[in-house]
Structures are given as structure tokens and as C-alpha cells.
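For this one, chain D is given, so just place chain U on it according to the hints.
Chains as they are written, first to last, in the numbering used here: chain D, 1 to 310; chain U, 1 to 283.
These are computed hints drawn from the structure, not numbers from a lab.
There is no bait here: all hints are sound.
For lysine-lysine, the following DSSO-like pairs were computed, each having C-alpha atoms within a straight-line distance of at most 30 Å:
id : chain 1 : residue 1 : chain 2 : residue 2
1  : D       : K137      : U       : K16
2  : D       : K135      : U       : K16
3  : D       : K139      : D       : K84
4  : D       : K23       : D       : K216
5  : U       : K16       : D       : K132
6  : D       : K139      : U       : K16
7  : D       : K84       : D       : K135
8  : U       : K65       : U       : K199
9  : U       : K16       : U       : K65
10 : D       : K84       : D       : K137
Residues of chain D clear of chain U, computed beta-carbon distances all greater than 10 Å:
id : residue
11 : R120
12 : L125
13 : H199
14 : I244
Rough simulated footprint, nothing fancy, chain U against chain D, three-plus residues with beta-carbon under 8 Å:
id : stretch
15 : 61-72
16 : 92-100
Don't be surprised by glycine CBs; every beta carbon is placed ideally from N, CA and C.
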Amino acid sequence: MSDPQAPALELVNLSKTYGRRGKGVRAVRDVSLSVAPGEVYGFLGPNGAGKSTTIRMTLGLIAPTGGEVRLFGEDLRRHPAVLKRVGSLVDGGAFYPFLSGRRNLEVVASTHGAPTDADRIDSLLDQVGLAKDAKRKVKGYSTGMRQRLGVAAALLHDPDIVILDEPVNGLDVAGIQEMRALIRGLAADHRKTVFLSSHLLHEVQQVCDRVAIISKGEVVREARIADLLRQEAGLRVEAAPLDIAEAALAARWSVERSGDALVVGATRDEAPEVARRLIGAGAQLFGLAAEQRNLEEVFLAITQPETDDA
Amino acid sequence: MLDALAAERLKLTRHKATWFLVWLYPVLFLVAYLIAIAVAAAHGGGPSKPPGAADWISQTAIIWKLPDQTIGRLLIGAYVAVAIAGEYGWNTWKLVIPHRSRTSLLLAKVALIVLLFLAAFLLTAGISLLFTWIEGAVRGRAVPTGVTASAILDAHGRAALAGLAPFLFTLASVGLAAILTRSTIAALVIGVVVAIVEKLFVQLGPYLSPYAPSLVWGLYHALPGYHLVNLASWVTEGAPHRTPFPDGSIVALDWTTSLAVAGAWTAALGAAAFAAFRRQDIN
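Same shape as in the complex, but just chain U:
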């Protein structure tokens, strides 16, 4: 398995999509911080109100919230589409399939995608911490009281956990689309549609419910959209995400239900991707 992972690393780290869609984040954050520090140094001093400890830490953990945002899911989905459907476009499954089981080939790909994003997000979080501190120093502000290693770890850990479910769901759904369509563009389009429709349904569900109350209510509970948002809410706020419906009812589920539903969707899509790939004819 480590050999398969090494092979994936050899190919994917050299693809430009890895630069544009994975290493983009640390580079972008670094540039943004350098600009902010240059501006602070040029103008001297900073805003009159220095941030509190919670805001200071929250600012450094922004990157972990990316998978929970629609744009973040689109970018992650784009990379998953390139990494998996790319093999069909390059016609290279024929090169590697005779050498190793399909399950381990796909597993290695999934593992490398996860590891690459984890590395990029960790690096970005590190850059955020370092440069937030440097920016404060340039502005002549001390690190707020309450910013401790354990507080940082706790906040970053929670933010990372909140982003994990949408990240894995995106990986599974776009991965399945990539295998079924064998096309990077088609997988990306499906990923975009799923991400947008799912987010929209969380917002618009209550407004649609008067037209088909039981259907909307059922879909709201069965589809993964609300549960992904709810899990993030539990992790970051310690409370459920509350969605009031026009009939006065409120959807506010416990985290175990949402974990079960979101987990079931992710596992089902992931299993379908592996099953489809194992049975697929590579013509």
C-alpha cells in the first residue's frame, strides 16, 4: 500500500492542479499576510481596537472552515475530479491496473488527496499563526491574553473537525461522479451542482415546505445538507443548527443523528465509487 501511495505522490505532486488547487492556500495566505504586514509597516500602528483572544485565534483557523463553504467544496471537488477522472483522460488506468488491485489503487489515491489537503491546511494554519503574530508585532500589539497553545489547539482542532465531514462527503460524491462519468469536467459539474443544490436546499427548504410539507420535511431530514451544517454547528458552537419551518416546527437534531446520516451518505457514496471502479471495463 505504501508503494501505491508513493506512486500516487510521484504523479500527483508533479501535476499543475496540485499547485493550483492544493498549495494555492498556503501561497495565497502567505501573500495576503505579507501585503497586510507591508501595509501595517508603511502606515504604522493599527486599528484602535486590538482583537480579543477568541477573535485572534479564530482568525488563524479560517482555513479549516474552507470545506464547509460552497466555494471551498468546489475547489476541493475540482482537485478530486482531476486526480481521479484524470486517469481516464490520460488513459493511464491501463498502465497501472495490471500491476495492483483496483481497490488499493483507488485507496492510495484517496489517501494521498486527504494527506495533501491536510498538509496544505496545516501549513496554511501555521502561516496564519506565525504571520498574525508578526503582523501584531509590526502594529505594536502584544498577543492578547488567553492565546495559549492549548486554546489554539482546541480551536484549530474543532475547526478541522467541523470541516472533516463536508470534506469527506465532497471526496466521496465527486469521486463517484469521476468514476461513473470518466470525465474531469463532468465530475466537476456534478460536484458543483451537488454542492450548490445541497446548500441551497438547507436555506430554501423551509420556504418550499408549504408546497409539499411532508416531502420537504422528509428530504430535509434524509439529505446530507442539513446534517453537514448541523455537525459543524455542534463541533464549533456545541449546539444544534436550528432551522425554523413556517408551520412553527423547528429542525434541531442531536449530533449523533446527523453523524449517522452524513456518515451513511458518505460511506454509501464511497462504497459505490469503489464498487463501480472494481467492476468497470477499462476499454
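The shape of chain D in the complex, shown without the other chains:
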């Protein structure tokens, strides 16, 4: 029996090493995170960071070399049937190309063990905008259509948690907006948990409650988006000469040039210290204000620290 109070998804020191131990490549290193029921959770990372490997381990497609995947409190290795409560979209919707979209959903429904509910399939096809193309073979679908069919397949058996790997890939602007509304609706209206990876950070910022940022196989930050943006807020400094100001601040914080100003990786509380250093170095200070970063800037700052330090 699963624990109703348990997190919908919990990864505990999850690791994956390819190749022989010792000489192998560690694709995922001790990833731990917890997703509460009803939460929309973003999983971010640059290409090759280990996002897809982590998601595949969560779905039982790849065997971890260490750690645990727990779904609704149950260890996936011991209770693989718990995956019945999971809906998933990986690789942009991989389907049988020689079958129609509708027939593909019937295959998924039968594989899952649920009788093919024609109304449910029709409703989902309509919901993802594929009602008119339902009888067309999938090999004639565009990337965006496959993606939408993938979302329909993920929702087919009314899962408790939906795991989406890059769900807006290949979608046009209108499709992205529809997907955004769909994902928010899953959590808000249907109390579904959503775990999604995406490289479109603007989308993640709009739909997710919390995020984990993974880099080189390790989770380097996990926080509510609002907290993350607050923690990673910087200060915009207008000073002259800019070279002297930059040298004075770079010794302590990350500094980026932004036109005639500097963006300093310091918190609001550190503003007096910034001012003292500038004046101490002989620079003239014309302006000092909090700079709100967006998720993309935060993401780059976290995943490319060597660039900032340079």
C-alpha cells in the first residue's frame, strides 16, 4: 500500500554509471529531490547534464547503478507496478509510425490494461487538437503533432503523476501556450503532479512551482522559483571608470558588463559593501539598484560558474 502522505516522486541518491565501475562515465551522481503531490516541478539542465537519464530511470527504462526511485512512497525496483500511476512523454512522443494516432492510443490503452474507452480517446484527441488527424498514420505527423499525441498518451489512463521530457519541443507559439495551460490545469484542476524537463526556461518559470537544476549529473540547486530568483538577484551598478569599478568588485562577486553598467552577483543586503568597495577603489558611483534576474540568467549563472568567475 502506498503512503498517502508520501511525496509523489522522490529520488534518493540516484546514480547511473555507464561502462565499468572505476573507468565508467558517471552520467547521474547522487541525485536527490522530492516532488509533492499536486506540484508542478521543473527539472532543468544543459544538454548532457543527465536530465533524460534521470527521467528514464524514473520510468524504469534505465536501471540505476545506485540510489532509489520512490513513487508515492514505493520503491520502484520492488514495486514496478506503481508505474501504472505514472503517465509519461519521452523523446517527443515515439509512436508506431505505421498506425494512426488513434490506433496508437488504443495500443497504449491495451498495454496499460485498461479497456479501450473510445470516448476517453476522442476527448483527449480533441483536447490536444488532433481530432481531425486521428485517423492519419503517425508517420505523416509533424514533430508538434507527435508531441501533442504524446501528451494525450501520457494522460490516457488518468495518471496521478505526469512526467514530461521536453513537452513543448517542436510546438509553435500557440501550441506552447496551449501546453502551458494544459500543464497548469493538470495541477490546478485535477490535482495531478507534474514533473517536467525543459530547456525553454521562460516556460518553466511560468508553469512550475519548484525547480531543480542539474549540471554534470549533479543537482546543483533545488528551490521554489520565487526563492531562486530572489537568491540569485543581482545589483546593477553605474560607476566610472568602469574598468576600475569592475576590478574592485570582481575580487568578491561575479561581475558582468551590461552596456555602460555592471551587473554584480551580490545580494541586496550587500549593497553598502559594494558602494564602499567602489568608493575605496576611487570609482565614482552614479547608481546602485537591485537587478531582478529571470530564470534564464539564474540558470546560466548556476550552470556556467567558470564563465562568471573569469
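Relative to the frame of chain D, chain U by itself:
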């Protein structure tokens, strides 16, 4: 399990390989018989010697001998390769694995392959019986005395049994190759090589034995090739397949030994396929 089987049916029956490699047989036989009947009707009468009951029945049971022929094994292997390795090519294991255990997914696939071939062969055998009778009627020949329902069932049953071991061995060996290589073409090539080498070794083993007598003798007994042929011989002839070696010795084993060796090979390959699939990372 029935749901998984239904899912396999939904996908595989719509794939063109099912038409080209499974339903090919009844269609081909039907066309061949229609041509033969048209020719008989056009020319009137037939060969002066009508076949005897045994030949008449044997002619209708040809389809069951397909798995024992190299070409038959290649065609069956090709379908197994498409059905199993196709999931890697279409990238669709990711779609279905989270919904059901890997063992039951593979088991459903194997069961459907067996059922499809059984249905196709039964249909082909039915067509053979019906059209052999029609062809005889067109030629003005009566069904030979001795062609009874029990004689037909006995002959077809024996022929089907003789084809069962090579069919299952092909299924297991190509299935394992499909899972390990994740490629339809590679699995097919391996299936072709195994089928040809194994048949060739049964024929050429005695000629190779002077160069390495104990090795060839051991391989002849340990590899499945001779045992598959021997089982078919026991089922159809009621006697062992005899292979004389240049040193004067003869390999002619009892059916239980061959059943044990061929069964062990098939079971080991099948178990290896399931074990490999269960442990495999689907990237």
C-alpha cells in the same frame, strides 16, 4: 496478459511485414492452386497416374515443413526480427514499458508471433486440402481411397510437430539477436548465418571430421543442427536421421536425446533473450 496480447495484435496485424511474411503463405498457395486449376480446366484431364492416398495427403501438408527448410527459417526469422527489433527502430519500447512488465511485453510478442504463424499455416493447410480436392475434381479424379479425416489429421499433426522444434529454435535465436543488437537488419543477418551454418554443418560435418575428429564429433552432438533434423525424422519417419562418418561410425540418436539437446538450446536462448531484455537500458 490478454490485454498485452491484444495490444500486440493491434500493432502487428497492421504492419506490412505481417502481410509479406505471415499471410504470404495462404495467399501464395491460393494463387498457385488457382493457376493449377485454371490450367487443368483449360487442358482438361490430368496426369495419367493419379496420386495415392499418402502422396495426396503429403501434398496438402507441405506448409508444415516450411520451418524445417533453410528458406522457411529465413522467412520466419525475418518476421521475428521485425516484430522484436522493430520496437527499437520505432523507438517505441519507451511508449509501452512504463505500462507493463518487460517479461509480459516480450511474452505477448512471442505468443502473438506463434499464434499468427499457426493461423497462417492452418489456413494454408485448409486451402491446400480444399483446392487439392477441387483440382482433382476438375481433372476428373476421385479422392484416393485411404484419404480419411483421421489420416489427414495424423499426417498434418506429424508434419506440424516436425516443424515445431525448428520454428521455436528460430524464434529463440533470432529473438535473442534482435534484443542484443537492437537492429532488425543485424538480427536478420545473424538469423540467416545461424540457419545456414547450422544446416551446412549437418551436411558437411562428416567431411570435416578427418581434420579434427573429436572436435567435429563433439560439435555434431552438442550443436542443435543434427538434433533438429533428427527430431523431424523421428516424427515423420519413426526412425533416427543417420549420418555416417568417414571412420565408419554413424550418428543416429534416439529422439529423447535430440529433444533434450534441441530443447536445452531453445530454452537457453529464450531465457537469455528474456534476461537480456529485463536488464537492458532503453536509452
